[in-house]
Amino acid sequence: MRTEFSAYEIWRAPSALAAATLLGLVAALVTDEAWDVLWSLLLAVPLAVGAWHWWRASYAR
Amino acid sequence: MKTSTLKTWCWVHRWSSLVCMVFLLLLSITGLPLVFHHEIDDLLGDAVRPEVLPADHPRASLDLVVAAAKRARPGEHVQFVSADPEEPDVWAISMGRTQNSPPAENKLVLADARTAAVLQAPDLMKRFSYIMLRLHADLFAGLPGTLFLGAMGLLFVVAIVSGVVVYGPFMRRNEFGTVRMGSATRVKWLDLHNLIGIVTLGWATVVGITGVINALATPMFKLWQFTELAAMTAPYRGSPAPHSIAPLQRAFDAALAAEPGMRPGVIAFPGTDFAGAHHYAIFMRGSTPLTARLYKPVLIDAQTAVVSGKRDMPWYLTMLFVSQPLHFGDYGGMSMKIIWGLMTLATIIVLGSGLYLWLKKRNVSIEPELAGAEPSMPSAACVPSTTQGEGAKA
Chain G
1 MRTEFSAYEI WRAPSALAAA TLLGLVAALV TDEAWDVLWS LLLAVPLAVG AWHWWRASYA
61 R
Chain V
1001 MKTSTLKTWC WVHRWSSLVC MVFLLLLSIT GLPLVFHHEI DDLLGDAVRP EVLPADHPRA
1061 SLDLVVAAAK RARPGEHVQF VSADPEEPDV WAISMGRTQN SPPAENKLVL ADARTAAVLQ
1121 APDLMKRFSY IMLRLHADLF AGLPGTLFLG AMGLLFVVAI VSGVVVYGPF MRRNEFGTVR
1181 MGSATRVKWL DLHNLIGIVT LGWATVVGIT GVINALATPM FKLWQFTELA AMTAPYRGSP
1241 APHSIAPLQR AFDAALAAEP GMRPGVIAFP GTDFAGAHHY AIFMRGSTPL TARLYKPVLI
1301 DAQTAVVSGK RDMPWYLTML FVSQPLHFGD YGGMSMKIIW GLMTLATIIV LGSGLYLWLK
1361 KRNVSIEPEL AGAEPSMPSA ACVPSTTQGE GAKA
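Sequence order for the protein chains is G and V.
Here the first sequence is numbered in my numbering, starting from 1 and rising by one per residue.
Here the second sequence is numbered in my numbering, starting from 1001 and rising by one per residue.
If a hint is listed, it holds; no wrong ones were tucked in.
Covered by chain V, according to a simulated footprint, are these stretches of chain G (three or more residues, beta-carbon under 8 Å):
(1) 11-25
(2) 28-40
Here chain G is said to cover these stretches of chain V; the calculated rule only asks that three of the stretch's residues, wherever they fall, bring their Cβ under 8 Å from a Cβ of chain G:
(3) 1160-1172
(4) 1179-1193
(5) 1200-1213
(6) 1317-1326
(7) 1339-1351
Derived Cβ-Cβ restraints for the label pairs, each shown as a range:
(8) V/Thr1227 x G/Leu29: 21 to 31 Å
(9) V/Asp1056 x G/Ala19: 44 to 54 Å
(10) V/Gly1075 x G/Ser15: 52 to 62 Å
(11) G/Asp32 x V/Val1019: 39 to 49 Å
(12) G/Leu23 x V/Lys1222: 31 to 41 Å
(13) G/Ser58 x V/Thr1227: 49 to 59 Å
(14) G/Leu29 x V/Gln1120: 32 to 42 Å
(15) V/Leu1053 x G/Leu41: 36 to 46 Å
(16) G/Ser58 x V/Asp1123: 44 to 54 Å
(17) G/Val26 x V/Thr1227: 27 to 37 Å
(18) V/Ser1239 x G/Ser15: 56 to 66 Å
(19) G/Val26 x V/Ala1141: 31 to 41 Å
If you are wondering where the hints come from, they were derived from the structure by calculation, not from laboratory data.
Cβ atoms here follow ideal geometry from the backbone N, Cα and C, with glycine treated the same way.
Same shape as in the complex, but just chain G (with noise of 0.2 Å):
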């Protein structure tokens, strides 16, 4: 069992959840509304891992 990590492993996926967050708040601003699903889905990826993250230690454990 890993007993610590690395500041690149700490930081790696909220740094990559920050960054399509921002990408997809400023894409959303610069393209047509027709785009909105896409940028839409980018924006839910946070949360979607957030939930996961959630639920895997509510109930799949």
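Got chain G sorted already, so can you dock chain V onto it with the hints?
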């Protein structure tokens, strides 16, 4: 990071969060319905819909529209005329007691842009969405309320930054997404606080920063008036105000001809702070999704209806205009609004769980339950130890 440094960041995170907590909860709860204000207005019958006419129906002269508004509210003065991009067939005429009375006290008259008929609308100031907006924007306290909420927003940003700083050390021995459901209730909520906080980090940061920028809207517009607008109207300084003003439609047509690729957004009448005594100021918008948010003022001589100046807005107002949709989340379709709503609910959970963790800290220590955390290290919830050796499940 040294333990003393970490404790300092914990202190910053704890108190920046606690001070703004109540107001952030209020902002989140009032912000949620604002994301869906169009749908809520429809549901409550507060929405105003013009009659259905053929798409190629000609538009009425703006002078007829203004005359109709004056008949609807005799004795009042037209200060602004604006068009909602989502309801282009409706003009909103903002009327004040005098030509330069505070716009916040104005009453709105809505008129059909094609027939110039005044639309029967419920009292706009009593609409649910308006009450939510005022609570969200200024607590019904005007500029002081706005600046106060802006300060709370700044504390929220500080709480986010300090939360990120303390997240790293805490997660040194916990895998991303760890939620220890088998541990004490406090530990479970600590993990959820960290998990939800970190996955909504990007969104919360953007909404927090843009909220602070929006809170500075009034000072920014004042700065623009005292610098940019003053420079544009400098040749007229000292001249007496015109005794008669040109028809609005002529001024409007002149602005459209001056900026053919743009659409009208807001028209400020002569005598208002946004136009000065000698001009109509017609704020034009672009036609792309982004430039439709940005305004460019075209000044029209109020007496001759000739263009006397135009210039792009300064950087700080451009920043403000871009911040507004990013804060309110109403710039997309329903899918975007749903995401915005879920993010807001997640933020409410983070705020609530943070408050819960702080309230619990006086009774028990959670440090023994933070698997892997160094004994001397404060927890990520920044909850100092007061009682040692508390057991597992609470």
